[in-house]
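The primary structure of each chain is shown beneath.
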Amino acid sequence: MNTAMKNIKSIESFELFAPKLATREEYFVGGHRACQGCGEALAIRLMLKALGKDTVITNATGCMEVISSVYPTTAWNVPWIHVAFPNSASVGSGVEAGLTALRRKGKIADRRIKSVAIGGDGGTMDIGFQALSGAMERGHDMLYVCFDNEAYMNTGIQRSSGTPFLASTTTAPAGKVIPGNQVWKKNLAEIIVAHNVPYVATACQSYPIDFMNKVKKARKVKGPSYIHCFVTCPTGWRSPSETCIKLGRLALETGIFPLYEVEDGKYRLTVEVPEKRRPVQDYLKGQGRFRHLTPDQIQVIQERVDIEWETLMIKVKNSRSREELRAPRAK
Amino acid sequence: MGKRIGMEVAIASAEAAALCRFDVAAVYPITPQSHVAEHLSDIVADGRVDASFITVESEHSALSSAMGASATGARVVTATSSQGLLFMGEVMPIASAMRLPIVMIIANRAVSGPINIWNDHSDIMPMRDTGWISFFADNGQEVVDMVIQAFKVGEDRRVMLPVNVNLDGFQLTHVVEPIVMPDQEEVDRFLPPYEPFATLHPDKVVTMGALGMPEFYAEAQKAKNVAIVNSIDVVREVWKEWEKGFGRKYEPIHAYRTEDADVALVTMGSMGETAEIAVDELRREGVKAGLLKIKLWRPFPFEDLKKAVKGIRVLAVTDRACSFGGPGGPVFSEIRSALYEGAKRPKIVNFLIGLGGRDVHVEDFVAMVRKAAKGKLSEPYEFYGVRG
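In order, the protein sequences belong to chains A and B.
First residue of the first sequence? That's 3 in my numbering, and the numbers climb one at a time after it.
First residue of the second sequence? That's 805 in my numbering, and the numbers climb one at a time after it.
I should point out that these hints are in silico values taken from the structure, not numbers from a laboratory.
Below are the BS3-like pairs computed for lysine-lysine, each with C-alpha atoms no more than 25 Å apart in a straight line:
#1 B/Lys1008 <-> A/Lys222
#2 A/Lys218 <-> B/Lys1008
#3 A/Lys218 <-> A/Lys268
#4 B/Lys1008 <-> A/Lys107
#5 B/Lys1008 <-> A/Lys109
#6 B/Lys1175 <-> B/Lys1151
#7 A/Lys222 <-> A/Lys109
#8 B/Lys1092 <-> B/Lys1175
#9 B/Lys1008 <-> A/Lys55
Going by beta-carbon spacing under 10 Å, a handful of chain B positions derived as facing chain A:
#10 Ala830
#11 Ser862
#12 Ala875
#13 Thr876
#14 Val880
#15 Ala899
#16 Leu1004
#17 Phe1020
Here are some, though not all, of the chain A residues that point toward chain B, as calculated from beta-carbon distances under 8 Å:
#18 Trp82
#19 Val85
#20 Val93
#21 Gly94
#22 Ala103
Owing to the predicted nature of the structure, the values given are computational and were not obtained by experimental measurement.
Using N, Cα and C, we set each Cβ at its ideal position, and we do this for glycine too.
Same shape as in the complex, but just chain B:
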């Protein structure tokens, strides 16, 4: 068993990648991800992992060179945030189409307009439909565990897809947390060396990234969708194996005190822990509150959600990003659509919270639950606590 230590979460995420013995890291610095880039380069410079660190000149090149390296059969890690992720946007869907199991650590941060370096989820949301598997971590321990799990899931022959691990910028990246760092031997047992399906090597010549005419393009899209939809079984399998080996349980949707809940909050990322405290407080006051924490955003766990909402009268879905001119936040519209077919579906309301690093306190979650309990907001969705 690994030792429980205090470590900054950004650094811990790089340490987790090191435990996976990556071959190549290609990272461009951006706040609040920079400590990941710095620590990965430290690890390489100290020879703790035998790897190449590419000091790319942009995020676009970070993911591009990650793809080139992954296509040779290397295990590759990259990391980014906010504008950097958007700059990678062109390459994101190509990485998944080419079935390259790159792991990307994303320090979630608001996207510009106005520029803001603090945390929300407006960077990952536009990348939702690029065909990457997306994990969301609650805390530092989950970040470490998920980075290691990500390699195992992505590299599985039944999956072969890139995976991003989302951790809230500053709230997680810059916070020192108690973390059980797995031992190298444990990780080696869990994660075998990467055995790629096809590589760029003259001994077996392949053409990668060919032109898909209309006769083939649609089939390629369907194939990618089948791959990511089916990957949920592998995610479950890997999480079960993790639980067995490391004793920490992971589920696509983690339910907290929802057995008899009347109103349940829905969160993704680090705010889940604050929301837990709010639920405890409400319970003490006799309010039957609960919480659903989404850990797996893509592929979306439809079945888990349907099971998780049973008996719940009102869902208060929180979003950390806005779909401008749309039906509400992206998590909200996803959940509402997922539950549309159900005969007994809960009322669903939507709060947009914590945009650009705006603090959300325990009492805010308490207030949201109280508002949501009415089953309807005065507006289709509410920018909670926002002036104007």
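Chain A extracted, bound-state conformation:
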């Protein structure tokens, strides 16, 4: 008996409550060519349910463009444009500028259409980094979502600046002398926080309601917003397809990828992490990309995760929104 059959009751409950949480409408439809257990395809489907129809998507080159737009087919039920690899943020900012100008001039209907640019970790954190920084800094009314599966999966699992420490990739392989990727993952969400944008959040396909709430919040923001969505890649991580959701949950429970949001400068954890975080080993052991790690190396990762976690907790405890900081002077 499969899991769905065992939990038949909960599915009935889902029918009862789900309409309040997510629309039945599909804007990213099935029939695309994503791998089994692809966290990114799932996350995009959820994201569009939260965004609704008044959305224009700009897609960087990558898996999602390849699997969803093989001419003459398309998986997109919203207006969608793909131009190139490094420029999703700048094309998206042009979409926003165009829609805004045409609306102001009465050339299109007077209603708000959100420009949403998306890209993978390579297209966002590496080659599209400058375009993203520009778009965020210029204050466009747009949302950027990075779907981070921690390597250039489309081209064959090459290392990006989103690749975690010591993970084995095809350009940072676990060799006889060098045990995989030699540097710690770049924290892009923090870099975007430093751009002083009104809303920044981290998310994961394994927490769909949390993710959709964040997308809805970001959609409302009048200005730039950014969501860094951690997504499982069974092909690149060399993990079984059916562990897609489980791995996202373990990333949270170990503190490797905490889910938080930064609203107007104030940090807040959105999904609770157990008081006693699970050891990173629980997350690492299910993935082929970490198979070569020695206990000592796992210990190094554990210590670094602990430090990162504490750093985030300090921000969660002590950060104030710009509104709160403004208050005393106003008196």
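Based on the hints, put chain B in the right spot on chain A.
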């Protein structure tokens, strides 16, 4: 009729775009284009045109955001030069493949190695095969006229292609010239509002920029080529309409004193005017010299060229860029190839001139004609007046 005024040509090019009532401008500054960027932003800041000016962080993003805006149905202008154009290189062929009629003002400048900010055509030449329509202007008046014409040609349903208007950096951009600025009403009559074929809007959902597998990619390339080849008819039509409305004549190849010419120079861009003076001087001395000025570089006007060279014994083709290790400059190889089939074709020689802003004087053109008259150079192509 518009008034004849003195205006810096870079500023005039931005004024021409303003007369076209652009919706979005996305421009990154680079010498010698910067005055275009500055003046476009002035126009927007003063509310003279209701538009968004995107202060992009690079040329790559300038053309990328221009594409995003154009895909929503906005009329979009951008501008660049040299390294900036090369940086746009990745996006150039996608803009034409997606049939987005963006207009780009290019202040032609040498590309680096060594760095040099002055004028030649080594920036646009590598972009030759990206599927953009390319105009070359001789003077400030042509720049203004061509910017307005570019929107009309590019937006035509039979064309739907981006257009670049090339003006020589400094020689044109930074020079104050007498220009007849058309009236707004005249331009409004000539250029109707842009009616895009498809736009990014939820009321009619489209997918733009899909993946083309080998089964479709080749057809997409052919379709783009058919579009740009056929666009020459629209260019002619628009230029005829312009002549009727504004009284200034445009042709793909403008012939100057070639009726009975024995030797003819070929130029593109602002050097054409210097070459005209050289032709006059040679004629005074009894040399039957003439000049062909190419105004339309892409689509290449093959038929116009064949007609224009009739009776000419020697063509002295000048190039403002080098095709390293190739057959000579790009204009030369184009012309030689275009005339290959002709039974009575002229001898063709090639001078590479004015690289990186090197001055070319009237007497230089005179000397080139005299050299060319022999019908052959000592080398396959000559870097005219270059040491070493």
